[in-house]
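Asks: One-letter residues, chain by chain:
There are 2 protein chains.
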Amino acid sequence: MHDEAPHRELIRRLHSDLPEGRVVTDPGVMAGYAHDEAEWAPYGNPAAVVRPRTAEEVQRVVRACLDHGAAVVTRGAGTGLSGGANAVDGSVVLSTEAMTAIKQIDPLERLAIVEPGVVNDDLRAACAEQDLWYPPDPASAPWSTIGGNVATNAGGLCCVKYGVTRDYVLGLQFVTGTGELVRVGRRTAKGVAGYDLTGLLVGSEGTLGVITEVTVRLRPSRAPEHTVAGFFSSVVDAGHAVAAVAAAGVVPSALELIDRYCLEAVDAWKHMGLSTEADVVLLGRTDAPGKAGEEEAETIRRCFEGAGATWAVRSTDPQEADALFEARRLAYPALERLGPVLTEDICVPKSAVPEMLGRIHAIAERHETLIANIAHAGDGNLHPLLITPPGDEPARARAQAAFHDIIAEALALGGTVTGEHGVGLLKREGLRAEVGPEVMALNHAVKDALDPRGLFNPGKVLGR
Amino acid sequence: MHDEAPHRELIRRLHSDLPEGRVVTDPGVMAGYAHDEAEWAPYGNPAAVVRPRTAEEVQRVVRACLDHGAAVVTRGAGTGLSGGANAVDGSVVLSTEAMTAIKQIDPLERLAIVEPGVVNDDLRAACAEQDLWYPPDPASAPWSTIGGNVATNAGGLCCVKYGVTRDYVLGLQFVTGTGELVRVGRRTAKGVAGYDLTGLLVGSEGTLGVITEVTVRLRPSRAPEHTVAGFFSSVVDAGHAVAAVAAAGVVPSALELIDRYCLEAVDAWKHMGLSTEADVVLLGRTDAPGKAGEEEAETIRRCFEGAGATWAVRSTDPQEADALFEARRLAYPALERLGPVLTEDICVPKSAVPEMLGRIHAIAERHETLIANIAHAGDGNLHPLLITPPGDEPARARAQAAFHDIIAEALALGGTVTGEHGVGLLKREGLRAEVGPEVMALNHAVKDALDPRGLFNPGKVLGR
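Line by line, the protein sequences are chains H and U. Position one of the first sequence corresponds to residue 1 (full-length UniProt numbering), numbered consecutively onward. Position one of the second sequence corresponds to residue 1 (full-length UniProt numbering), numbered consecutively onward.
No lab work stands behind these hints: they were computed from the structure. Check the hints yourself; a few may be wrong.
Unchecked claim - Pairs of lysine-lysine, DSSO-like flavour, derived with a Cα cap of 27 Å:
hint : chain 1 : residue 1 : chain 2 : residue 2
1    : H       : K161      : U       : K291
2    : U       : K161      : H       : K291
3    : H       : K291      : U       : K291
All values derive from a computational prediction rather than experimental measurement.
For reference, chain H alone in the conformation it holds in the complex (with noise of 0.2 Å):
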């Protein structure tokens, strides 16, 4: 049974403050938002749920908790896997869910201007009928939200040539640590006029502002892309692959890589038949215009038949193409059905990614543990999953074993422990090893000067 007691004074003043039906206290519905995706978390319970549906309800909330001295965390649509939107004790959770506005795509400026609640897909397709393209991407575009991407700086398949979500963030509204609704950054395509405030947002996970409006920069749309997809007998094989591409000077548009484990795991649900034909597979695309296109389809056909593909193909057929890729984005809801997930996030340089992959594998022999592995391997972003078999206990203090062993390992190879998930609760310990305290005080010092009081998301990405 949920006690309001404690919180009672906050809850009436939010009531009071908010319109009727913004402030949610029923603790089964509360339950829905008191974590994201991330596996082994751990949570607290909040004292209120709130859907504002303005920036201006949204200052209500945040001056309510400033008043009352609880703490705001902010969530958009709960797909994150590292915690960073899991409920503090007390908390109130603001959820955008509700401020879904496309205010405005501008054809001629190449910008949108968007509520925090809008799904990046829903973005996508209302862009593309104004032959106009958002290109971050992340596996979560269905349904993750456009404030969840700034506030994790979302990456996805396309980074590789078209960079992460903070390269397309122009501009932001958030309302700030003492209660301020303001605006950073510009709509014009350049601008130097103060610190890059904007860019501190992006990826600081709710911890330094709540956004409640964001100005995105936009591409035209592009050419058609050409897939090159490729078997290989090894994910050495692959990694050396990968090397090959770019050691081509080609940039693809994605280059995913994707083993067996998910293949099988995929097929096991949609009956795909992937995974009889190869250990790994990568797939490659490139958007280059016209003639330029193929020509890179055919140089990243060859990298990956000179590095040992057992088959290397460009695929002709648009629709199977597309499958590969949908292959690829169901592998982590397909592996979850397998058991509870620890999604790994790793990146490393690109020539580090074959000496990465052996890594993994010894780590998941010297654990026992199944790890499968997903990755934007042309930027060396590698998502090793550990899946362990559900309420099996010792398999899970096995799997958090190998999760720091490769947070090690990817350190020791001059990687970065997160390369598009973000620190929340999982990373903690790993920022501050790749890191160092200097720089972990300048961190401190950053949150210190925008949340005084400690208002946003504590706990998370810093530990305090």
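Based on these hints, arrange chain U on the given structure of chain H.
Replies: For chain U alone, coordinates are given in the frame of chain H:
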């Protein structure tokens, strides 16, 4: 005569902590380090100029300044146009000119690691030898340094397609406001571990730390460019041509505007025979590969023609095309021959370019000031150049009034007070007008967090 007395202890400390030849106190030599290229921005007398050769030497300078309460003004090549590198009285001017090592160019990871004093064109040339390309290309590229480019988030001609310096900085080493030597960022393609301190340092104009090493992202060398020249009889027609190119879905690799005053000044100097034929020239380029490039060039040409160009042609002669771009690059020094030039740097929405050019014309008439225009027209970044006869004080006052009016009109049209030159000293008032008191407070909070002693470049950007 320079009086060392008040700074005797500081200078003794610098001499004692640094190798022979690093510390300069000769007034004649120091005079050449006291200001950048911003006409009319005030500057003071430094206590000393230091030219460290290593990151550790930079750290020793910063620690000496911390201990003696002296300000640190960091300086690259001194090509800035906002006074950001101008000395303040009693400061130590830290010149990075001797830190010119290109430490690494890695073709597989597509990155370079350089010291801050490396000249932009030198890095570009070294990359080209390995079929790699460092895109940011400010007009000052033959002289300006990567450190200065990073500190000001320099733009350039190819921003319209390839973005600005910030988009290429992966990681930094810098000395903090407490005298620590730290590394931020990464050398992997992606990474979200902690706040984006790298991005925060970019464009901070020497107010948050002293950059001692820069890791930049590179691209593969690109296809040869096609050049399109268009002659127009009014800036407003040229502005419409810019809008037409954007509306056609083309992303040119450069789209530059040069008006008659600039053409005449270049002609008077270099006898290129440009100015007799047009009031305004637009130069468009595309580097799309193969046939796509030819098609885009033709699209640009048709856009020029449709907007009323008196002459629009695709250049088939690379030498001629390069000469046109050389004329654009020479515009600023050519105008400087005529008298002191006050360089504006505003950025407006692309659709507002014709209106803004019209308002600049009206401002020129109202204040009886000669205003020439060069512009990165494709991204709305205009550089009105205000020219006064040498020694004419009333003309100078009128030009300054015009300068302020241009800033006000840019803001009125939804633009920013500085597109790429930075705030420095000249745009401090404009910055306050643009962002408002709440965002100024956030800027101050960041400054205080990272430079708690107010050591770095006091008085610049934020005004204290």
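Asks: For each hint, tell me whether it holds in the structure or not.
Replies: These are the hints, each one checked on the structure:
no.: 1; hint: K161(H) to K291(U); in the structure: 21 Å, holds
no.: 2; hint: K161(U) to K291(H); in the structure: 21 Å, holds
no.: 3; hint: K291(H) to K291(U); in the structure: 8 Å, holds
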